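K.L.:
Letter by letter, the chains look like this.
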Amino acid sequence: MHPAFEALGFFVDPLGIAMLFAGGFLGTLFSAIPGLTGTMALAIILPLTYALPKEAAFILMVGMLGGTLYGGCLTAISINIPGAPGSVCTTLDGHPMFKKGKGAEAIGWATFASFVGGTLSGLLLFFCAPQLAKFAIKFGAPEFFTLCIFGMVAVITLADDLVKSFVSALFGLLLSTIGGDLFGILRFTYGTRFLLSGVPIVPVVVGTFAISLVLREVNERRAVQENAELYLETARNYKQMKMPPLNEIIPRIPLMLRCVLMGTFIGFLPGAGGNIAAFVSYNVEKKISKHPEEFGTGIIDGIAAPETANNATVGGILIPTLVLGIPGDQFTAVMLGAFLIHGLPVGPLLFRENPVFLYVVFWTAIFTNVTMVIYGILGGRFFVKAAALRKSILIPLIAIVSLTGCFAATNQISAIGLGIVFSIIGFLFNRYKYPFAPLILGLTLGSIIENSLLQSLQMNQNGMMIFLERPASLLFVILSLIFILTTFIKPGDIIKRMAEKSAAQKRLSKNQ
Amino acid sequence: MGELIVPILAFVIAVIFYAAAGSLTRIEGFPMNSATYPQALTVMLMICCVFLIVRFVIKHREYASAEKKLIFDPRIFLALGMLILFYYGLEYIGYIPSSILFIVALSWILKEGKPRILDTCILPIGLSGGLYFIFQFMGIYLPLGKLFRGLF
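Those protein sequence lines, which keep their order, are chains A and B. To convert, note that position 392 of the first sequence is 392 in our numbering; the numbers rise steadily by one, no gaps. To convert, note that position 96 of the second sequence is 96 in our numbering; the numbers rise steadily by one, no gaps.
Everything labelled a hint here was simulated from the structure, so no lab data went into it. On a predicted model such as this, the values are computed, not experimentally measured, just so you know. A virtual CB, placed ideally from N, CA and C, is assigned to each residue, including glycine. Any given hint could turn out to be false.
Unchecked claim - To spell it out: a stretch of chain A is covered by chain B in this simulated footprint if at least three of its residues, at any positions, have a beta carbon under 8 Å from a beta carbon of chain B; those stretches are:
1. 72 to 83
2. 160 to 168
3. 174 to 182
4. 291 to 299
To be verified - BS3-like, lysine-lysine: derived pairs with alpha carbons at most 30 Å apart:
5. LYS385/A to LYS287/A
6. LYS506/A to LYS385/A
7. LYS138/A to LYS385/A
8. LYS290/A to LYS506/A
9. LYS111/B to LYS433/A
10. LYS433/A to LYS287/A
11. LYS111/B to LYS385/A
12. LYS134/A to LYS100/A
13. LYS433/A to LYS59/B
As the list claims (entries may be wrong) - Below, a sample of chain B positions facing chain A; criterion: calculated Cβ distance under 8 Å:
14. GLU3
15. THR42
16. CYS49
17. GLN136
Construct the complete structure from the given sequences, taking the supplied hints into account.
P.N.:
Okay, here's the thing in structure tokens:
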């Protein structure tokens with residue numbers, strides 16, 4: 001039986017169905033509450049997935065990814081406060097439409113567009129990823145090394161401050177050297193049994209993303225959720241969403257298809273997530289519209305375009321994450337850590353060794369969109385109301401689940417201590433703007449980088465030249481250099497400056 | 001000055017790791033040994049930290065104006081202390097009592113206005129008890145603590 005059909009079996013299993021709905025629910029909930037993020041939700045839930053089979057664990061996590069892209073639109077439309085960055089653009093037309101008394105239609109369109117975007121990009125993932133994997137599966141140690149370096153470069157260059165990002169990555173890579181190495185020598189364990197097999201990733205992820213939130217919230221003294229009254233008032237008057245009628249959908253099929261392609265492509269690029277996809281597609285649709293002046297006044301196209309593109313990033317983000325082991329954002333960087341926790345290889349080997357598992361992930365990326373529609377219909381009011389939850393309830397809840405999760409992941413109290421240490425690091429990183437993703441990725445890929453470097457050097461007498469002698473490896477070296485160069489020389493800025501210069505010259509010649 | 005916390009800490013960690021790597025056993029006949037990779041990383045980390053420190057010294061006026069907005073609330077140390085107490089509490093009084101105390105204390109720090117019965121009673125007892133049994137159902141046994149171990 002083809003692995004794709006075998007994978008479908010997990011979705012008729014009660015556990016698989018429960019995880020799919022739980023993932024969609026948690027993702028939607030966390031993205032509906034301003035201040036909380038999908039990555040935070042993933043960090044909290046990660047230790048709990050230990051007790052689950054790997055397929056069920058990833059149905060939960062990928063389901064969550066879909067939910068995190070959708071939930072933000074509920075508060076973006078109804079209250080004009082986007083719960084997640086990807087929904088910022090939806091406020092432009094969503095909230096004006098809500099104010100016109102068409103809130104039910106606006107949320108209906110956002111839900112339907114999210115469903116279309118997510119489902120079609122999930123299908124693209126389903127068909128494109130295995131093709132790309134056929135090429136990636138032939139990789140040897142030099143390709144793995146340069147690929148991991150490219151992945152690190154891609155994540156490091158996402159940040160505004162390159163040096164701080166590099167410090168974060170180096171710190172993660174250094175942490176990955178703790179424990180037994182390839183030669184069987186114990187490094188930096190200082191006699192601690194807890195660190196013999198390396199730094200466990202769960203306390204690091206939970207500490208930096210979730211427990212550090214406690215310190216941040218205490219520091220910022222926000223006991224009552226901002227705008228709580230507004231949320232509660234909106235929830236009281238919340239009307240059941242209306243799914244769009246066929247006569248509204250059919251003329252917008254080309255728009256949604258364009259946005260799916262834009263969203264998937266932008267999602268594929270490291271760092272360019274739902275937020276950028278939403279704004280790019282909104283601007284493109286505005287430019288090609290026959291009535292661009294109507295954008296921003298509360299029209300359907302202004303909701304359909306950003307929401308389709310935002311949710312279409314799921315497929316794009318997952319392609320490099322699954323096929324190459326290069327995460328596109330913080331969420332997928334943490335998700336790569338989950339691969340290690342469940343004993344799965346990162347990158348191309350995943351396709352060779354676990355094809356059924358991968359099709360489970362692909363199907364989840366498609367099926368999670370169904371849960372979004374169900375939650376949109378049944379739970380819209382609940383999610384808006386949840387956004388008003390008091391911090392004095394929410395923060396202790398997150399704190400205790402996270403701390404317990406640290407213990408559950410390793411069955412050792414020391415893991416909680418490690419989680420607390422990383423909560424301080426997370427707090428300092430957040431405060432002084434050091435990105436978290438390079439640290440997590442460094443810890444995840446560190447041992448692969450070291451092992452593949454050693455194997456590559458053993459393969460060739462010419463030392464580092466091996467990375468330039470093999471085509472795929474050379475490609476990753478070139479891509480890494482391009483990524484580094486584009487952080488110093490931004491093509492967008494050059495084009496903008498040239499356009500400004502030519503416009504100034506035109507004005508000058510007109511005046512003359 | 002707060003901007004210097006991370007680079008100084010990272011520099012100290014890098015020095016410790018570099019020194020510790022120097023004492024690792026070296027295996028001959030390989031292009032790399034156990035110390036090569038961590039030492040290369042620590043050197044890069046040290047260079048980056050020095051860069052950040054020098055950059056701070058050069059641009060300290062810019063940082064100083066930005067840092068005025070970043071004030072540490074003293075309650076953060078209280079929250080940190082509670083996290084540490086929870087950690088030690090687990091070993092001695094076990095999961096349920098220490099988590100109840102932790103939730104009550106954290107809700108109290110975050111509270112605004114009068115303490116509510118939900119925050120001080122229902123939430124701590126319900127949450128810690130609920131989590132304890134959920135994890136037990138999943139086959140994960142949370143610590144009972146030295147004090148109560150003999151009772152169960």
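K.L.:
Are the hints correct? Go through all of them and say.
P.N.:
Do the hints match the structure? See the list:
Given as covered by chain B, the region 72 to 83 of chain A fails the check, having 0 residues with a CB less than 8 Å from a CB of that chain where 3 are the minimum. Counting residues of the region 160 to 168 of chain A whose beta carbon lies closer than 8 Å to any beta carbon of chain B gives 4, which meets the minimum of three for the stated coverage. For the region 174 to 182 of chain A, the stated coverage by chain B is satisfied: 3 residues place a CB nearer than 8 Å to a CB of that chain, which reaches the threshold of 3. For a cut-off of 8 Å, the count of residues in the region 291 to 299 of chain A with a CB near a CB of chain B stands at 0, and the three-residue condition is violated.
At roughly 36 Å between alpha-carbon atoms, LYS385/A and LYS287/A are farther apart than 30 Å, so this suggested pair is violated. The hinted pair formed by LYS506/A and LYS385/A fails the criterion: a straight-line CA distance of about 54 Å is larger than 30 Å. Proposed proximity of LYS138/A and LYS385/A is contradicted: the alpha carbons are some 51 Å apart, above 30 Å. Among the hinted pairs, LYS290/A with LYS506/A is consistent with the structure: their alpha-carbon atoms are about 27 Å apart, no more than 30 Å.
Straight-line distance between C-alpha atoms of LYS111/B and LYS433/A comes to about 28 Å, which keeps the hinted pair within the 30 Å bound. Distance restraint check for LYS433/A and LYS287/A: the Cα-Cα separation of roughly 35 Å exceeds the 30 Å cut-off, and the hinted pair is therefore not satisfied. Between LYS111/B and LYS385/A, the direct Cα distance comes to roughly 20 Å. Compliance with the 30 Å bound is thereby established for this hinted pair. Between LYS134/A and LYS100/A the CA atoms are separated by roughly 52 Å; this puts the pair beyond 30 Å, and the hint is violated.
The straight-line distance between the Cα atoms of LYS433/A and LYS59/B is roughly 16 Å, inside the 30 Å bound, and the hint therefore holds. Here the hint on GLU3/B is kept, as its CB sits about 6 Å from the closest CB of chain A, short of 8 Å. Hint on THR42/B holds. Least Cβ distance to chain A is approximately 7 Å, under the 8 Å limit. A least Cβ separation of about 7 Å between CYS49/B and chain A falls short of the 8 Å threshold, and the interface hint therefore holds.
Hint status for GLN136/B relative to chain A: violated, with the closest Cβ pair at about 11 Å, above 8 Å.
The structure does not agree with the numbered hints 1, 4, 5, 6, 7, 10, 12, 17 stated previously, though it agrees with the rest.
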